[in-house]
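Asks: Here is how the chains run, residue by residue.
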Amino acid sequence: MMGRTIFIDPGRCIGCQACVSACRECDSHRGKSMIHLDYSDPGQSVASLPTVCMHCEDPVAPCAEVCPADAILVTADGVVQQADTTRCIGCANCVNACPFGVPKIDLQAKLQMKCNLCYDRTAYGLAPMCATVCPTGALFYGTLEELQAERPGVQVADSFAFGDVVVSTGVAMVVPADKVQWPVPGGLPVVEVNGVDVR
Amino acid sequence: MSEPTEVRAAAPPRPPGAPEPAPPAGRSVAARATLAGTAVSLLLITAIVLGSRLLRDFDSALLPYAVATVFLAFGVAYRYTVWVSAPGARRLFKKGFGSFFSAANFKKAPTALPRMITTYLGFQKFLGARSRARWAAHQLIFWGCLLAAAITFPLTWGWFTFTSGSGSGPGYEMRIWGIKVLGFNSLNILGWLMFHGLDIAAVLVIPGASYFLWRRMKDRGAITGQRFAYDLLPLICLIVISVTGLLLTFSSIFLHGGGYEFLAILHMVSVVFTLIYIPFGKFFHIVQRPAAVGMQLFKYTARQDEQVFACKRCGEPIDTTPYVENLRGTMRDLRLDFNAFVEYCPRCKRILRGNAYLTHVKKGFK
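Here the protein sequences come in this chain order: P and G.
The first sequence begins at 1 in the UniProt record's numbering and counts up by one.
The second sequence begins at 1 in the UniProt record's numbering and counts up by one.
So here's chain P without its partners, still in its complex pose:
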C-alpha cells in the first residue's frame, strides 16, 4: 500500500541531472550517485528516464531474495536498504536479478550500493535528495493525496509487468488515466533488439 513515497513522471523529466548530483550528497553513500538517468534514444529524442529503487513489495525485494549473504535488509516501512557492508560479498546477484536495473556494484570494494530512498532523510520525514532538487516535479515525494492535490486528475501505477510476472512496488509512476488499471510494461518479453526481431 502506497504511503509517503516517490512518484516518477518521465514525461516531466528534462534530463538536467540535478537529481544525479543531489543524490551524491546523500549521507548514506556520499560521493556516489545511486539514481540512474537514461536517455532512451540519444540524438533522436530528448526523452529521459530517471530510475530510483522501486522498493519492490510483491515479490518482496527480488534483490534481497537472491542475495546469498542475506545482506539486503528491508525495513518494516517497506524500504529496501542497500547492502549491509559487513555481509555483502560483491557477488552481483542483486545487480543482475533486479528487473529495474537499479543496484550498482563496486567490484574492488566487493560492495553493492543502491538507492535507499535517502533513509537518513525519509526516516525523519524529509524528502529524498533527488525529489528535493527536481525542478520539474518528475520526481515527487509525498502521499498520493498530496500529489493529486498538486496535480488534479493525475493517476499513478505501482505494478509492472515483466512477461507474465507482475511486480508491485513501493515507488509509483505517473500514467495516463486510461492506463491506470494495467501494470506498466517493464520491457519483457523483449521483442526486438537493435532492429532485429528476437521473438
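Quick caveat, the hints were computed from the structure, so don't treat them as lab data.
All clues stand as given, with none of them false.
Think about it this way: if two alpha-carbon atoms lie no more than 30 Å apart in a straight line, the pair counts; the simulated DSSO-like pairs of lysine-lysine are:
{"hint": "1", "chain 1": "G", "residue 1": "K125", "chain 2": "P", "residue 2": "K32"}
{"hint": "2", "chain 1": "G", "residue 1": "K362", "chain 2": "P", "residue 2": "K104"}
{"hint": "3", "chain 1": "P", "residue 1": "K104", "chain 2": "G", "residue 2": "K218"}
{"hint": "4", "chain 1": "G", "residue 1": "K282", "chain 2": "G", "residue 2": "K218"}
Far from chain G, by Cβ distances over 12 Å, these chain P residues were calculated:
{"hint": "5", "residue": "C16"}
{"hint": "6", "residue": "A18"}
{"hint": "7", "residue": "S21"}
{"hint": "8", "residue": "A127"}
{"hint": "9", "residue": "V133"}
{"hint": "10", "residue": "G137"}
{"hint": "11", "residue": "T143"}
{"hint": "12", "residue": "E145"}
{"hint": "13", "residue": "Q148"}
{"hint": "14", "residue": "A149"}
On a predicted model such as this, the values are computed, not experimentally measured, just so you know.
Even for Gly, the Cβ is constructed at its ideal location relative to N, Cα and C.
Got chain P sorted already, so can you dock chain G onto it with the hints?
Replies: Chain G only, in chain P's frame:
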C-alpha cells in the same frame, strides 16, 4: 526509523484442488539445523575429552569458557545450516565449495586459491577499497581476535598445557594434546610473548574497535539504519573483553592481584556472552565469509576459460556464463519468473523499460 529485517521468499499459492503440500520447508530446515548443531556440539565435546587426555589436562577454572564454546559450536552449525538452506546461499555454497575443492581448477590455476585466501580473507584488500581507515581498524580487530582465539580456544579445551619442573625460568614446556612441542625459558622474550599473547591481542583490538565505535557515533552514513544489538553491541563486547583482559594483567603486576577475582568474573561473563552471541549477530560474518572465496574462484576460473556472458542488447559483458546460469537457477528456485531479464545488462533493462513506457504508456512523452 524501523529495524531492518531479512527477506525470505514466500511459499507460492496452492491452486484449488491441489494435493496437501509437504510439511513446510521451515520445519525440516529447523530439524536439520538442530541435528547439525547437536552433531557438531557432540563432536566438540568428544574432541575436548580426547584432546585433554580424558580431562587430565582440562583446567576446571576454564569450564565456563569451554561450555560457551560448545554452545557456540551448536549456534554456528545451526545458523549455518539455516543459512545455506536458502536458495541463493545454497547455490553459492555448492558452486563455491565445488570450485574450492576442484582438482581441475587447482591444475588450471594452482596459485589462485592461496592468493584469494591471503588477499581476501587475510588482508581483506576489498576493505581498503571501501576506506583505508576502516581497513586498518578491521585488520587490527581481525589479527587481534585471531591471535586471541588461537590461544584461548585450545587452552580452554585443555589441548594446550604449560608445565615446568622448576618454577619460572628455564625448563618451561608447551604441550599440545600432551605432546611436547616447545621448550622455553619463561623469563626470556619468547616466554614473555607466550604469556602476554592475550595482552597483545587486546592492544590490537582496542584501537580498532574504538575507531569503529567512534565512527558509529559520528558518521552519518554509518548511523543510517544502524541497530544497537547488531552494530554497536559487538564493538562494546570486544572493548569490554579486551579492557578487562588487560586489567587482569594490570592487577597481577601492579596491584598484587587486587580485584583479580572480580575482574576475572567480569572478563569471563563478557567472553561467554560474546561467544554465545557470535552465531546470532554481526560476528556471524566471520563464519560466512570463507564461502565467498569459493564464489570468487567460481567466477575467476570461468573468466580464465573466457566464458563471458555479454548483454544481448548492447554486447557489454555482464559476468561469466556459469554465473549467469547459476543466477537464473536461483531465480527459478525462488519462482522469480522474469529470470530471462538476467541476459540484459542493468542499463539495457532500464532502456527497454523506458522504451516500453514511451511506446505503450505515455506516447506524448516522446
